[in-house]
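From just these sequences and the hints, can you work out the full model?
Taking the working numbering, I'd label the letters of the sequence shown as residues 2 to 179.
It is worth saying that the hints were derived from the structure and are not from the lab.
These numbers were taken from a predicted model, which means no experiment stands behind them.
The beta carbon of each residue, even a glycine, is placed where N, CA and C say it ideally should be.
Please note that the accuracy of each hint is not assured.
Cβ pair distances, simulated, as ranges [claimed, not checked]:
#1 Q74 to R19: 58 to 68 Å
#2 D109 to Q42: 20 to 30 Å
#3 I24 to P99: 54 to 64 Å
#4 D118 to P44: 22 to 32 Å
#5 I22 to R138: 13 to 23 Å
#6 I22 to T81: 55 to 65 Å
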Amino acid sequence: MFSKFFSLQKAFAAARRRLLILILVLGMAGYAWGPALAARQIPPVALSPTESITFTEAQLARGKQLFNRACAQCHVGGQTYPNPDVTLKLSDLEGATPPRDNVLAIVDYIKNPVTYDGVESLVEYHPNTQLLSEYPRLRNLTDEDLKLIAGYILVQAKTVPGWGGTKSESHSDLSAYL
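The following block contains the structure:
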């Protein structure tokens, strides 16, 4: 009788050890792979003053590619190198006249740029879709391309610390821009 009891006790102890090892292995795997497997939470952004839109990872990747090709020469990390007082951070976009804090407003600005106060046209000075001779990179972009660029800018402004900030703020985490 005692031998049966001890053999059952040994079997339970072995099963308990296997279960603990399995829990430990799964826990370590979850810890190691969890961040890679977790889906990035993409916040919705304003499409217009009254509507919002959520972009997919693929759309943001395309928007980033287009932004880097057409805009990043002057707007690395959301800064504006010709005028560092007006950046692509959300507070600056909201403070413009008219506000440029939504996709359609940024698309309109890329097509018809105006000064921050909205008083003067910058069509002849700032790169845009109409400026044929000086800056051809924007000329061939479709409205859909411009929406993807605008979406990328707004998602970055909402999610990337330092986007549009000072040089040290914007470049403190370069991985966000790569």
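Evaluated hints:
1. In this structure, Q74 and R19 meet the distance hint of 58 to 68 Å, their C-beta atoms being roughly 59 Å apart.
2. A hinted range of 20 to 30 Å holds for the C-beta pair D109 and Q42, which are about 28 Å apart.
3. At roughly 57 Å, the beta carbons of I24 and P99 sit within the given window of 54 to 64 Å.
4. Between D118 and P44 the beta carbon distance is about 29 Å. The supplied range of 22 to 32 Å therefore holds.
5. For I22 paired with R138, a C-beta distance near 57 Å fails the hint of 13 to 23 Å.
6. The given range of 55 to 65 Å is respected by I22 and T81, whose C-beta atoms sit roughly 56 Å from each other.
The structure shown violates just one earlier hint, number 5.
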